[in-house]
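> Residue strings, one per chain:
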Amino acid sequence: MQLEARAEHIHDELIRQCLQGDNNSYQRLYKLYSRSMYNVGYRIVNNADEAEDVLQEAFISAFKNLHHYRGDSTFGAWLKRIVVNKALNQISKRKFERIPENEQWDIAEETEKDELENFPFTVDKVKRAIELLPDGYRMVLSLYVMEGYDHQEIAEILNITESTSKSQFNRSKKKLKEILTNSRFKIE
Amino acid sequence: MKDSLNKFIHQNRDSFDDKQPGENVWRKIAATLPPKKTISLWNSVSVWRAAAILCMGVGAYFFVTGRQSLFQKTEMAELQSEFLDLEVYYTTEIEEKVALISSFDEAEEPDQFTQDFQKLEAMYQVLREQLKTQPTQKVTDALILNFLVRIDLLNQLLHKLEQYKTYNKGKHSST
Numbered sequence: 001m002q003l004e005a006r007a008e009h010i011h012d013e014l015i016r017q018c019l020q021g022d023n024n025s026y027q028r029l030y031k032l033y034s035r036s037m038y039n040v041g042y043r044i045v046n047n048a049d050e051a052e053d054v055l056q057e058a059f060i061s062a063f064k065n066l067h068h069y070r071g072d073s074t075f076g077a078w079l080k081r082i083v084v085n086k087a088l089n090q091i092s093k094r095k096f097e098r099i100p101e102n103e104q105w106d107i108a109e110e111t112e113k114d115e116l117e118n119f120p121f122t123v124d125k126v127k128r129a130i131e132l133l134p135d136g137y138r139m140v141l142s143l144y145v146m147e148g149y150d151h152q153e154i155a156e157i158l159n160i161t162e163s164t165s166k167s168q169f170n171r172s173k174k175k176l177k178e179i180l181t182n183s184r185f186k187i188e
Numbered sequence: 001m002k003d004s005l006n007k008f009i010h011q012n013r014d015s016f017d018d019k020q021p022g023e024n025v026w027r028k029i030a031a032t033l034p035p036k037k038t039i040s041l042w043n044s045v046s047v048w049r050a051a052a053i054l055c056m057g058v059g060a061y062f063f064v065t066g067r068q069s070l071f072q073k074t075e076m077a078e079l080q081s082e083f084l085d086l087e088v089y090y091t092t093e094i095e096e097k098v099a100l101i102s103s104f105d106e107a108e109e110p111d112q113f114t115q116d117f118q119k120l121e122a123m124y125q126v127l128r129e130q131l132k133t134q135p136t137q138k139v140t141d142a143l144i145l146n147f148l149v150r151i152d153l154l155n156q157l158l159h160k161l162e163q164y165k166t167y168n169k170g171k172h173s174s175t
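Chains A and B, in that order, are what the protein sequence lines are.
To convert, note that position 94 of the first sequence is 94 in this note's numbering; the numbers rise steadily by one, no gaps.
To convert, note that position 131 of the second sequence is 131 in this note's numbering; the numbers rise steadily by one, no gaps.
By construction, these hints were calculated from the structure, which means they are not laboratory data.
Take these hints with a grain of salt, some might be off.
To be verified - Residues from chain A that keep clear of chain B, each with C-beta distances beyond 10 Å, as calculated: (1) 22; (2) 30; (3) 123; (4) 146; (5) 181.
Stated by the list, open to error - Once the Cα atoms are required to be at most 27 Å apart in a straight line, the calculated DSSO-like pairs of lysine-lysine come out as: (6) 165(B) - 31(A); (7) 97(B) - 7(B); (8) 97(B) - 93(A); (9) 177(A) - 125(A); (10) 31(A) - 28(B); (11) 7(B) - 177(A); (12) 125(A) - 19(B); (13) 64(A) - 127(A).
Think of the CB as a built atom: it goes at the ideal place given N, C-alpha and C, for glycine as much as any other residue.
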């Protein structure tokens with residue numbers, strides 16, 4: 001925790017140098033965050049080329065608006081939110097239904113059962129299974145489990161209700177389990 | 001929400017960030033950045049100038065005298081390849097220092113120091129050309145001396161900038 005705080009402090013200094021027009025610091029910031037942010041975008045758009053576009057747009061926008069970053073959140077959290085928004089824009093460009101509007105998604109909150117006890121899967125398998133999830137499921141699951149947003153934040157990001165986010169998350173976990181355990185999904 | 005999937009992902013969180021963006025992404029981002037500010041708090045100190053001028057003199061001297069002695073072909077090649085390694089090392093060091101200097105925000109009009117530094121760079125280019133056609137130990141020595149003097153200048157400038165920064169910080173915190 002202390003280390004994280006120190007890392008953030010170092011990045012604040014970098015940001016200050018960026019604001020003073022030092023291009024070298026921009027590149028250092030990019031190097032520090034590009035991998036994790038690329039993966040954030042990738043998990044949403046599920047496509048390498050589009051994830052690169054998202055990363056590029058997000059960094060350009062972040063650098064342009066760097067003076068708006070006030071240090072209320074960590075720089076990483078601020079940047080991540082930009083990446084998520086750009087990724088969602090990218091998805092909407094595809095004209096896919098992000099979250100189906102009809103009411104069947106607004107189901108009552110399900111009681112949570114831990115159906116995947118001991119979790120006998122590898123990282124690669126889980127990654128592959130997440131990639132196979134439908135867009136809406138994958139987004140909610142990624143935002144919640146990977147990016148650490150709570151359902152209230154996800155509701156705001158995806159412009160859905162909190163209960164939709166919760167039910168969508170439960171459904172996505174079920175679907176994930178199905179992909180992981182059902183042999184008809186070739187994820188080996 | 002502590003279920004096994006959550007736990008598993010948290011335990012392996014880093015392994016899930018395994019994908020790397022392509023090299024071209026940064027190039028496209030960099031193209032949108034404002035042009036690089038040139039930092040030049042080149043307040044000349046007489047010592048710097050003396051060193052720079054000495055180095056230019058040495059360079060010029062070897063430029064003239066270096067022509068007279070010709071090495072055997074193998075020796076020439078050896079000398080050239082040996083120097084290439086040194087060149088990479090010193091160039092990187094200079095680039096790092098220049099980058100560090102550009103990270104300071106004190107931007108002023110270029111003055112004597114910039115000019116001296118540019119002259120040294122020009123002299124370096126001349127010597128570098130000579131190394132291609134007539135490589136002698138003297139030429140490589142002059143080239144290395146040129147590097148060392150430039151690095152020394154940069155070090156001194158960095159030191160000065162650090163002092164300036166600390167001074168400014170003190171000033172800001174007191175107001």
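> Which of the numbered hints are not met once you compare them with the structure shown?
The structure conflicts with hints 1, 2, 3, 4, 7, 8, 13, although it agrees with all the remaining ones.
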